[in-house]
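A.B. asks: In terms of our numbering, the sequence shown opens at residue 504 and continues consecutively.
There's no promise every hint is true.
[Stated by the list, open to error] Calculated lysine to aspartate or glutamate pairs in the EDC-like style (CA-CA distance at most 16 Å, straight line):
id, residue 1, residue 2
1, K1008, E1054
2, K869, E580
3, K731, E619
4, K709, D1177
5, K1083, D1093
6, K869, E619
7, K1171, E619
8, K597, E752
Keep in mind that the hints were calculated from the coordinates and are not lab data.
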Amino acid sequence: MESANLIQYFRHSFRLLRRSPIFSAVVVLMLALGIGANTAVFSVVDGVLLRKLPYRDPDRLVMVWERNPALGASIGERVPAAYTNFAEWVRQSKTLEGIAGMEDANLNRTGIGEPERVNGARISSNFFQVLGVATAMGNSFDSVEQGPHDTQVAILSDAYWQSHFGANHNAIGQSITLNDIPYTIVGVLPAHFYLPSTREGTEQRKPDIWIPYEPAAQRNTLELNRLKMQVYGRLRPGVSLEQARAEMEVIGKRLEEQNPTLNAGFGVNIFPVYVEDVGKDLRRNLLVLLSAVGLILLIACANLANLVLTRAMARQKELAIRKALGASRAELIAQMVMESLVLSSIGGLLGLLVARWGIKAILALKPADILRPEQIHIGIPVLLFTTAASLLAGMLFGIFPALYVSRTEVSTVLKQGAQFTRSHPRTMRAALIVIEVSLASVLLIGAGFMIRSLLFVLDVDPGFRPDHLLTMHFSMPPSRYPTNEQTSAFCRQALERIAALPGVKAASFADGLPLTRIRLMRFTIEGQPVPKHGSEPTADMRGISSPSYFETLGISLVSGRNFTADEINQNLPVIVINQKLAKKLWPSQDAIGKHIWSVPARAEKDPIQLTVIGVVRDTRQAGLETATRPEITRAMPDYTYLTLAVRGASDPTALTASIKQQIWTLDKDLPVFDVQTMQDVLDDNLGQRRFDSFLMSIFGGLAVVLACVGIYGVLATTVVQQTREIGVRMALGASRGDVLKMIMGQGLRWVSIGLVIGLTLGFLLTRMLASLLFGVAPTNLATYIAVSAVMLVVAAVACYLPAVRAIRIDPMRALRYE
């Protein structure tokens, strides 16, 4: 098509649209909502799924884990590595051109007023080289010359540099005190850098300060054998993932043979970093939401096709005259499609504004699985998507009416004396209703199942009382608390002070709380065969510092007794287990008095016989949607990371300032961080489920409204077109009830067909997405009945309004109608 013709069509389209401002405004508004919703959701997909990782050749980056199937499917596939094995991987691997490790570093920054806890990472010197990231300022560790007596060095994240150093370039060379040790700042990372997520997107670390990993500084072999290193590798050019995996499996077997005490039952796993960074659940959730807003746009296009068809029918005489004057059918179609494209382009521009608001609303909901919200914005890929969506929408709602109207015979139209013809495109209108109802039913079914799943999750008993419960965390610096005895003494003094505060009912320290942290313990069962080393049964282990732990959390005792203060303080070999573990180990016996033997994580210590003194209710450790896990509670074995739980008589947040004051009275340089109520922890756990349910409910509701508008529009147009026919019927004796039945029956027949198709599609799709559901089966009949009832009621209202208009027609006026 020549450019001159396109310009002519464009100008003509604008003139026609200016003559019909109401029609144009309705079309643009519908498109802005539909395209804006699609753009907002696509911006999330682009920021989370499609954006390239900010590293050199990210497709060659992998994560290397230890593997132990005995630890369970989810945990055993990705076990952090011991430094001892990491060093052997570096020495023996030929398929990886670089292997780097990191581990979390709980850093307390002091000397700046109020002590601050900093998210830190301890890394090998080649870490950023392996990732392919250069510092934005200063140097990396592999280029810093250090002598044995030099001050420690540190690299800052861009966010920490800006927030704590005012983006001052003089920060390089300054000293900061971390865990009572001075560090010199040698570099700042680029703003776009972030550490990839791990465990398929379920964990993400955001270190603010990076310090070197120094094996020589570790006190003993036990530290080098702890499972706490995250290991990254870079495939050599031309080496496949399968080749690297095969080599690392061989190395893992070799290490197990060389040191069975350390590595029995352990192997090696490799996963691409892009698989680690985004989990399957998040991918599926986002694609489901993108599909949902896509259906919304299709429903809107079906509505708009009806509007455009109605308007085109009213212009049949004009189009016939143009055709008689020599315009070809192709030219008429091109003109009408251009009108639709102009409308969709305007709708797309306004859709960008809607999308901007939508992105803000999505981020305000704080979906838990979207770990880097700062990457969600309207960039070039999103603009290209919006452009494509606008053009596709314009084609969809413009081409079919254009094809239909352009077939009209000139002689037939010119013989009629009115502008509006009696041509009834009922098949196309019926098809539009069927499409809208079926698509709306699919979305409503999805929303129904998501809401029912959320209600089931909300009904789950976590096993503890989250009300009036405040939590906060501490990282104990080894320079001031080198032994467990010193930390234990601190805990006892702190609890005495906190328990004496007004409004405090109970308080306890632990090494983690339900829904926040899992530590595994391996054991053998007295009186039963001892499994092969490395394949022993496991349970979650919770360490506590006082007998008040269960009272504080609101976990009830089922049988036996609680700990005594002496048993906790002296770390005596007694334990309390949950119902899940008691039933698993001794299904038909009383667990009280039974014994198990602890198996040290890396067999550096002797096993300890532990006696069961009590059984408590099950709690949900990993999340409300996951099954209860076997759990052992014992005296705190490791005091490096503490969690304080305080149960208040009323609002627990009011206690925060006084609790901090008591802590700082004992240690003025100990940071208190991550202060939140247990109810907040529960809400965070439900964040993704709430987010998905809310958006699906919005989309489902919008789809029903659009379908209702579409049904009403089609039947209202039908009533206008059948005015003379209705007048004849009423003149011949038809009652108003007969006319009402005819109009509503016509609409409900089309709705019923669409509902049957929608229920069938919804049933098939729900079975495919069964993993998104909780507590409700994809075949749940109540949901399908509820959706059917909603659609039929809405459709009946949409059909009734045009039908009422029909029965009010004056037969004499109708007979004179043209």
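A.B. asks: Each of the hints needs a verdict: does it hold here or not?
C.D. replies: Outcome of the hint check:
Under the criterion of a C-alpha separation no larger than 16 Å, the hint pairing K1008 with E1054 is consistent with the structure, at around 9 Å. Restraint check: the Cα-Cα separation between K869 and E580 comes to about 29 Å, which exceeds 16 Å; the hinted pair is violated. Pair hint K731 plus E619 does not hold up; C-alpha atoms about 23 Å apart against a cutoff of 16 Å. Straight-line distance between C-alpha atoms of K709 and D1177 comes to about 14 Å, which keeps the hinted pair within the 16 Å bound.
Our distance criterion of 16 Å between C-alpha atoms is met by K1083 and D1093, whose separation comes to about 13 Å. Distance hint between K869 and E619 is unfulfilled; the C-alpha atoms sit about 25 Å from each other, more than 16 Å. Simply put, K1171 and E619 have alpha-carbon atoms about 11 Å apart, close enough for the 16 Å limit, and the pair holds. Taking the CA atoms of K597 and E752, the gap is near 13 Å; set against the 16 Å cutoff, the hint holds.
Hints 2, 3, 6 from the list above are not met by this structure, while the remaining hints are.
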